[in-house]
Amino acid sequence: MTRILRHLYIIILLASTLSSCREEGVDHEVDMTCTDIVTFAGNIDGRATFTFNKVDDSPEITLRAQGMLNTGSIDEGSRMLIYYIPENNEAYNSGNIYLRGALLSLVPI
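What the sequence shown shows, in the numbering used here, is residues 1458 to 1566, in sequence order.
What the hints contain is simulated information worked out from the structure, not anything from laboratory work.
Accuracy of the hints is not assured; some may be wrong.
Only pairs whose alpha carbons sit at most 20 Å apart, straight line, appear in this in silico DMTMM-like list of lysine to aspartate or glutamate [unchecked claim]: (1) 1511 <-> 1493; (2) 1511 <-> 1547; (3) 1511 <-> 1544.
Label pairs and their calculated CB-CB ranges [as the list claims (entries may be wrong)]: (4) 1560 <-> 1460: 13 to 23 Å; (5) 1465 <-> 1534: 48 to 58 Å; (6) 1496 <-> 1547: 18 to 28 Å; (7) 1492 <-> 1531: 11 to 21 Å.
Note that the structure is predicted; figures quoted are calculated from it, not measured.
Backbone N, C-alpha and C fix where the C-beta goes; we use that ideal spot for every residue, glycine too.
All chains should be built: construct the whole structure from the sequences, respecting the hints.
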């Protein structure tokens, strides 16, 4: 038991001394990633299009991905969870997005 604790102590000590923080900041532009529950509006003009409302009766937001979705089992009006990067790095604005992932909801949302 003492041997395990000694090894654990050494590992924690090494991990804390080998980690560091950079004072000069980030080397590159940071992209804002967003995750939202949306309605699939279809592949319009060759681009996957999604709509959602930020809160209750707020204006509808329309997001357009860079390409089409394979709609084999996805109907228009289906609810989905999407993970994306807004092209203008502003959340909750209609516009183009870089779609990083999409999950179809199997139960009503």
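Hint by hint, here is what the structure shows:
no., hint, result
1, 1511 <-> 1493, "holds, 9 Å"
2, 1511 <-> 1547, "holds, 13 Å"
3, 1511 <-> 1544, "holds, 18 Å"
4, 1560 <-> 1460: 13 to 23 Å, "violated, 46 Å"
5, 1465 <-> 1534: 48 to 58 Å, "holds, 54 Å"
6, 1496 <-> 1547: 18 to 28 Å, "holds, 21 Å"
7, 1492 <-> 1531: 11 to 21 Å, "holds, 18 Å"
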